[in-house]
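Construct all of the structure, not just a fragment, from the sequences and the given hints.
The primary structure of each chain is shown beneath.
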Amino acid sequence: MIQAQAACQGLTILPEWQPEVQRQLKVAFAMAALLDQQDLPDEAEPLPVFTP
Amino acid sequence: MTDLCSLPGHALADLVARRQASVREIVDAHLGRIAAHDRQLGAFTDLVAERARARAAKLDGERKPLPLKGVPFAVKNLFDIEGLPTRAGSKINRQRRPAARDATAIRRLEAAGAVLLGGLNMGEYAYDFTGRNCHDGPSLNPRDPTRMSGGSSGGSGTAVAAGFVPVALGSDTNGSIRVPASFCGLFGLKPTYGRLSRGGSFPFVASLDHVGPLARSVRDLAAIHDAWMGVDPDDPVVPPTMAIPLLPTLDQSIGGLQMAVLDGWFARSAQPEALAAVHHVAEALGVTHRVRLDGAEAVRAAAYLITMAEGAALHKQRLRTRAADFDPEVRDRLLAGTMLPASWVVTAHKLRRRVLEQARRLFGNLDILLAPATPCTAPAADARMIVLDGVELPLRANIGLFTQPISAIGLPVVAVPVTTVAPMPIGVQIIAAPGREDLALRVARHLEKSGAVASGVANGYGTP
Chain A
1 MIQAQAACQG LTILPEWQPE VQRQLKVAFA MAALLDQQDL PDEAEPLPVF
51 TP
Chain B
1 MTDLCSLPGH ALADLVARRQ ASVREIVDAH LGRIAAHDRQ LGAFTDLVAE
51 RARARAAKLD GERKPLPLKG VPFAVKNLFD IEGLPTRAGS KINRQRRPAA
101 RDATAIRRLE AAGAVLLGGL NMGEYAYDFT GRNCHDGPSL NPRDPTRMSG
151 GSSGGSGTAV AAGFVPVALG SDTNGSIRVP ASFCGLFGLK PTYGRLSRGG
201 SFPFVASLDH VGPLARSVRD LAAIHDAWMG VDPDDPVVPP TMAIPLLPTL
251 DQSIGGLQMA VLDGWFARSA QPEALAAVHH VAEALGVTHR VRLDGAEAVR
301 AAAYLITMAE GAALHKQRLR TRAADFDPEV RDRLLAGTML PASWVVTAHK
351 LRRRVLEQAR RLFGNLDILL APATPCTAPA ADARMIVLDG VELPLRANIG
401 LFTQPISAIG LPVVAVPVTT VAPMPIGVQI IAAPGREDLA LRVARHLEKS
451 GAVASGVANG YGTP
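Protein chains in written order, with our numbering: chain A, 1 to 52; chain B, 1 to 464.
Please note that the accuracy of each hint is not assured.
To be verified - With a straight-line cut-off of 25 Å between C-alpha atoms, the simulated SDA-like cross-links for lysine to any residue are:
| hint | chain 1 | residue 1 | chain 2 | residue 2 |
| --- | --- | --- | --- | --- |
| 1 | A | K26 | B | I386 |
| 2 | B | K350 | A | L47 |
| 3 | B | K316 | A | F29 |
| 4 | B | K350 | A | D42 |
| 5 | B | K91 | A | W17 |
| 6 | A | K26 | B | A312 |
| 7 | B | K350 | A | Q37 |
| 8 | A | K26 | B | K91 |
| 9 | A | K26 | B | K350 |
| 10 | A | K26 | B | A383 |
| 11 | A | K26 | B | E310 |
| 12 | B | K316 | A | R23 |
| 13 | B | K350 | A | F29 |
| 14 | A | K26 | B | W265 |
| 15 | B | K350 | A | L40 |
| 16 | A | K26 | B | L395 |
| 17 | B | K91 | A | P19 |
| 18 | B | K350 | A | E43 |
Keep in mind the hints are simulated off the structure, nothing from the lab.
Quick look at the structure:
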């Protein structure tokens, strides 16, 4: 997957970089699993408002 | 006269106003300290000594009173400094054209009488919590130079704790002001998202990038904020409404403010000194109430993914053409970030709103929330792993456990330094509702006045 994605995007990932890229993606998948547990309604808006 | 480098910025401005010191004397004292000690600590990457001395001479020749007159400061090297390429901690950016003018923050602080001394070391492209930089070397912790400064505003933490400047500017996307403030024993202000202009600074994650000051006194945080605030055409997220200055209310009583300690996520995965620091501050404030911020862990994950994706998008062309010139610790995370499904990022932004609404519900009954700033005191400068709850975890990804959920939802925070629970200092976050920096600063000032928290120039290196 990593090499296919890299090729599609014009990126070069040297063999010695791949293990760390893979490790980072595993962390990202674990983070995304936490998001999947959230029951967001269809109406959920993406943009926060920061006014008092 | 007291050592000028040990004084906070407001005390230096007072000396100048009372004609008990010249701006030139103050600038020379700080430049001398930098020359004597920075080789050991790695705070500065770009000194602008000639510019600073010229500015000092001009200020000494003017009678006009200015609020920050004679206060030396320095900036994380992602802020534009006229005539220098804005390196943002990278090798690649130093080949950029020199900045045509100073960042908004520098222009506003200098208009108030402050004097820029230079640009400060930082983690590459701000994707860092350690202060390590493979191009410029690490910024080290003046309270113990075998330990890290924290990052990514590492040079900012080092410079203020070492007495090279009384105040420094940093940026905070996931904790990069609050982490070095915690590790170096300083006060740090991460304002509400959009409150202070990022104009003329090199971006990282536009949705999460904040900017603010680090200092050894709460009054200095407020003074810098007040000089810096205001709408700016160079930063579209600064709201058009007038921000409220913080100095006039700084010493008001905190009686009547409702406060609570954040429980749940913020009470797990921390080393004992982090929890002891929160307990110490809570006790000093008489706070016993505990509350949970629902969704804290998930919104921290949201910030993590948004950072990977937006950071990768920002740097994609550089990753295509100059990947080998990145710091390897940064490059591989950015490369991974190019591969995240877009749906994750959209969901992550929706979750930010939901958790902000949760926080608003808490602030319906409360004014202030307390939480640890970091899960540990400053680790060894070369540390790669940390043990939390008995599990060994990668250090770099976990230093921001407690800062990320708060910046993800844009809340204002003052990090305050606790020095009595461990041999090294550690920070506590004083968190307020959006736009209520004034309350967080008032509580921090109360703690400072009572002696419950304290900063000062480090004596862990050389001859102070």
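query = Of the hints given before, which are not true for this structure?
reply = Hint 8 contradicted; others consistent.
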